[in-house]
Amino acid sequence: HHFDITKNPIEIVWGKRELSIDERKGSLIGQAEFEVMRLENQLQMKRNMPEFADQISTLEAEIEAAKSTRDARVIQVNAAVTHEDVDALM
Numbered sequence: 105h106h107f108d109i110t111k112n113p114i115e116i117v118w119g120k121r122e123l124s125i126d127e128r129k130g131s132l133i134g135q136a137e138f139e140v141m142r143l144e145n146q147l148q149m150k151r152n153m154p155e156f157a158d159q160i161s162t163l164e165a166e167i168e169a170a171k172s173t174r175d176a177r178v179i180q181v182n183a184a185v186t187h188e189d190v191d192a193l194m
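In terms of the numbering used here, the sequence shown opens at residue 105 and continues consecutively.
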């Protein structure tokens, strides 16, 4: 960004660039991956703590459900070929 001091009040001007479809699709896939990673990290932490032993099987089921959701989302995202297609997924 830069400051346009020729205006009163001074303006902050942010640069712009076009995002490619692949960049946008990558962002959506990353969001889909995040939930699975979060749950897997939680499971790893709880496996090392005996007081959470009763929650392990429930968390494993949540991870499997999250993986199914992620896989379906990735298929949708990969099928998008235009910016309008990507917009429809948001």
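Keep in mind that the hints were calculated from the coordinates and are not lab data. The beta carbon of each residue, even a glycine, is placed where N, CA and C say it ideally should be. Hints should not be assumed to be uniformly reliable.
[As the list claims (entries may be wrong)] DEER-style ranges, computed between Cβ atoms:
hint	residue 1	residue 2	range
1	Trp118	Phe156	40 to 50 Å
2	Ile114	Ser172	44 to 54 Å
3	Ala165	Lys111	51 to 61 Å
Taking 40 to 50 Å as the stated bounds, is the beta-carbon spacing between Trp118 and Phe156 within them? 45 Å, holds
Has the hinted range 44 to 54 Å been met by the Cβ atoms of Ile114 and Ser172? 51 Å, holds
So does Ala165 sit 51 to 61 Å from Lys111, Cβ to Cβ? Holds, at about 57 Å.
Hint compliance for this structure: no hint is broken.
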